[in-house]
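J.: Make the complex out of the two chains shown on their own, each in a separate frame, by following the hints.
Quick note, the sequences are listed as chains Z and A, same order.
Under this note's numbering, residues 1 to 235 are what the first sequence spells out, in order.
Under this note's numbering, residues 1 to 405 are what the second sequence spells out, in order.
Rather than coming from a laboratory, the hints here were simulated on the basis of the structure.
In this text, all values refer to a predicted model and were calculated from it rather than measured experimentally.
In this text, a Cβ means the ideal position worked out from N, Cα and C, and glycines have one as well.
There may be inaccurate statements among the hints.
[Said to hold, decoys possible] DMTMM-like, lysine to aspartate or glutamate: derived pairs with alpha carbons at most 25 Å apart:
id	chain 1	residue 1	chain 2	residue 2
1	Z	Lys120	A	Glu169
2	Z	Lys120	A	Asp313
3	Z	Lys217	A	Glu10
4	Z	Lys120	A	Asp217
[Said to hold, decoys possible] Over 12 Å on every C-beta distance to chain Z, these chain A residues come out as not near it, computed from the model:
id	residue
5	Glu15
6	Leu42
7	His50
8	Val52
9	Val270
10	Arg277
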Amino acid sequence: MPEYMILIHEPLSTGATLAPTETRSLLDQQAAYAQKLRALSAYVDGERLRPSNEGRRVRGGAAEPQVIAGPLDEPSLEAYHVVRAVDLDAALDLAKQFPVPSGTSIEVRPVMSGHLEPEKTSEQGRLFAFAVLGSAPNEGAWTEIMDRIDERTHDHFPEQQFRGGARLEAPSRGRQIRTSGGRRAIFDGPFLESKEVIGGLFFMCMASLEEAVAWAKESAFVEYGTLEIRELWRS
Amino acid sequence: MAELSQSIDEVVRLEKSRVVGALMRGLGNLDTAEEAFQEAVLAALSSWHHGVPANPAAWLTTAARNFIRDTWRHQRIVDARAPFLLEDDKVSPQTPDSIADDQLRLIFTCCHPALTLDSQVALTLKVVAGFTTDEIARAFLCPEKTITQRITRAKKAIDEQHLPYEVPERAELPERLAPVLAVVYLVFNEGHTTHQGPLMRLDLQAESLRLAHLLCDLLPNESEVFGLFSLIALSIARAGTRTDERGDLLLLSEQDRSRWDRRAIKEGLVALQRTRRLGGSGPYTVQAEISACHATAPTWAATDWREILRCYDHLWALSLSPVVALNRAVAVCMYRGPAAGLEALVEIEAMLSSYHLFFALRADFRTRLGQDARDDYQRALSLASNESERRFLRRKIDLANPGAM
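Okay, chain A solo, but in the shape it has when bound (with noise of 0.2 Å):
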């Protein structure tokens, strides 16, 4: 029994986005429909005893309609929402472009640009994804009621500003499409930063790279959908090699690239294959790209350099960000040597010069030619504040110190 509810939780979840996306058309108001959507789970669990329907979303659809008529009807709502009531999936049967068009319509509206990123991250892995509030907030890390918070405070934004419930014309979709991919990226690099904490059900990589595949589903000509999937598929094959058995953080050219997951990397690389297909060439498949290379090397020292140096300046172009400046000097530095490696960073000092990483590269750097760089470790390890991080930093510098030895 306790195995069969499982099944059934992992069926409405998967098919939570359908089913209120069908309902939205018509009715317009996210409350309503996810308090339907509620209503119509608790039915499926008290009749799915025999197995799970073959058709479930429309199975799930059909009984929060139900309950939205009943409810209406209880409170003598008769009006101009009656026509929403009378459909019926007989009548206008569902076909596969309007079940996509309505998931797409509730993810643009998930990641209305009109609300803030912490709240579309919420809202869509609430409606889209079908996480509890619960779960959500374990997985950030953050109380519940924050989430919560967030939440309702976006559902009343949707409502008060009246944001159109629509796909958005082909002019304005790469606007639109930023924001949408934004959240799908973040909840991504949540999942690749944060760290093991207690049992958390809510696997934030693998959830993002469900999203990001449901969005090639729906977006299948936007070249930055698949690169984003790719970048996604590509790092999660990495994933499992990332830390030491102390849960250390392992470099790159450390890693056991025997243990890499060759079927996402395979998966990456078919994906990278269509943006490319599609003339893509956004900051999404940039990074795909650069992971790819990384990837498919057979070593560290055996990487395309080249290809990623030329990644990060497009890159650098694209975003001025001072992280991707970080991993440029790198490119150069394997690409070039080191003492160009230390030309590029003199370049960025400025921008980082309270971000620890900066001055352990430079002492990585120093180090390769010959120098004493522990001055530049000393100062990465008063910037760090993740311990691994500082274990690490505190190697580096007994290491270069003779006298600890």
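Same shape as in the complex, but just chain Z (with noise of 0.2 Å):
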């Protein structure tokens, strides 16, 4: 059975906003939904990033990659979950019960490759989430740019340290929700022109951020693309 992934884009404010009873609320709620796609057999994996003030995002393109401290985006990425279900519109129906601060984006993407090990955050160590963003002024060029890349990383992980990871298709293949109160409402996939798509999620166990942003900045991610890091948050 194909798989999605789920991305929950918060916009950047909620988590500091949200009173503590809502913020206590929703967390139980979405530890039920979780439950609820475990008892469904379509859990595959899921983990919360840690707020978006703590994360970096390494840039290529110019002779030194730049390093970008976080806050990173509104709105930023807050949670993934990957499900197994039989179309996209099944995964859509996944998605959309996800429970959300009103304003939320969710992004649905099938995943192309890749293997995910759930259950990461069981192991020692600080866990880091690297995001593979890119931006092009079509779909076409944003396919070459994350073929490129897929090619030029393929093999160069340091085994000890990857913790899986997937590729997704591209951005026309997935859809949005918007989410506004108690409604959704769907839209196409992510759109190129205004900012970064995400082609890609890694994980891997690093001594520090840091250590983290040294290896991105030596990667082969960041000579045609960005790297957003992250660490997870154990949940």
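T.: The following block contains the structure:
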């Protein structure tokens, strides 16, 4: 059965401004949602990312890769889930039920390839998510960039530190769900013109954020695109 | 230049447990490891002019090993310890797992149950957290000599009793973890209760949170580690509102909840999710649950007292501590009313007959029932030693005395 990645992009301000009582009920509902995915055997993987103000973006292109400190973008990636579903519509149905605060946008993208390791945060050490980002004038160019990155980086991960990852299908094959109060509206996949679009997500165990940034700067990823580095939250 | 050396200071402090942990493997002697670490820091101060290297821990470890090698060569020590010196990070690269295990071994040695709690705390802050004896002494408001003695005694005990330098086996982990958590809790509690002394660089509360976070990364499947982290995060979130502008303690019911740190509360709540997922029900987890009820309640009156009472019942069964019983009585009063609260106090009076808060609480319950409770306030006053609490009690007595108005 095909796999889909559900990416939760929260408005940057939400995490800090939500009243504690709302934060609590949201966390409880999200825990129940993950339970439900497991019960349906739809669950493949899922983690929460630490706040983006603790993250970094390493952007290539220039002679010396640029390191950008968080907060990163608005909205910022807050969590992801990978689910098994018969088709995109079934995945969208699951994604629509994800309990989120109003204003959150939920992206659903088919997984193209890769291997995800569930329960990563049960392992010792600090785990970081690396989001592969790229921007291009059109989807053809974007796919070409992602292909090139894939080719150059394949088998270039330090084995002992690598904790799995997945490449996603092109943005046009995905959908976006915008939320407002209890309402959910579905739009086409993320548009390329305005910002960098995620092409994949992988995970590595690193001693510190500094080490993760140092690794990213040396990697082929930043020759063509950008890596967003975010520590995983143990929840 | 001053700024640079300060940042080196901070980096060095944060990396200490990793470096000393790595040195201890194969060396086994804390004193030598610490001395070598100090020498490596001196070398760093003169070499890191243009910035801190990408992997400062590896740099410091190599420098420390070089120092030990030179010393031993000087003293013509060539023996079984030689393999330690041959170990090179290029030959045997440090994996994340081996770094974590080195740090864990170090923590379990510093908190070995054969050492006194005082020594465990001093040693952990010195070796794991990387503070100087002077900083620890100032934070605990005691002479530096006392701290130095505690550390010396602890190191001697480790050597003489040949305390094993290892991560405990799975089966004995709960037992060996208890003192580690107790040390971190004590560091937190000291920061929670001490009054604003002279400017202290060592913020004990923040440090206890950092230590608890480190433990979460090293022992990610131990529910009580996350319970403790959650408890500390939720308390720190409310730390700023615990006193008024005069420095007097404010009751939870009087605090400005809008000023609580929402990010820190979320941090605590996420950790609490994890302890639940791990099936946690130990004392730190239960205390974190109580703390979470307070932290997420919009007002004192709208607090989930039923849940808090359930938690205190559980905690009382786990610990039989008088302070728990007292807090339980507050929950009884809030959930079932002051008469029920008074009844709950009857059961524990004998145990707490010299504790000022017992009488302050009974006075409060009696006042709620419309009774004259000045005698209990007086008794609390005669037992209280903290000036801020005494002021609070005098104010209550004045309020209860119509003649004084």
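J.: Take the hints in turn and mark each one as holding or not.
T.: Taking the hints in turn, this is what the structure says about them:
1. A hinted pair counts as satisfied when its Cα atoms are at most 25 Å apart, and Lys120 of chain Z with Glu169 of chain A qualifies at roughly 22 Å.
2. For the hint linking Lys120 of chain Z to Asp313 of chain A, the alpha-carbon distance of about 35 Å lies beyond 25 Å, and the restraint is violated.
3. At most 25 Å may separate the alpha-carbon atoms for a hinted pair to count; Lys217 of chain Z and Glu10 of chain A meet this at roughly 24 Å.
4. Of the pairs offered as hints, the one joining Lys120 of chain Z and Asp217 of chain A holds, with about 12 Å between alpha carbons and a cut-off of 25 Å not exceeded.
5. Its closest Cβ contact with chain Z, about 9 Å, brings Glu15 of chain A to no more than 12 Å, contrary to its assignment away from the interface.
6. Under the 12 Å C-beta cut-off, the non-interface status given to Leu42 of chain A relative to chain Z holds; the minimum distance is some 22 Å.
7. Chain Z leaves His50 of chain A outside its interface by the beta-carbon criterion, the shortest separation being 16 Å against a cut-off of 12 Å.
8. For Val52 of chain A, the requirement that its beta carbon stay farther than 12 Å from each beta carbon of chain Z is not met, with the minimum near 9 Å.
9. Against the 12 Å criterion, Val270 of chain A falls within the reach of chain Z, whose nearest CB is about 5 Å from its own CB.
10. With a least CB separation of 7 Å from chain Z, Arg277 of chain A falls inside the 12 Å interface cut-off, contrary to its annotation.
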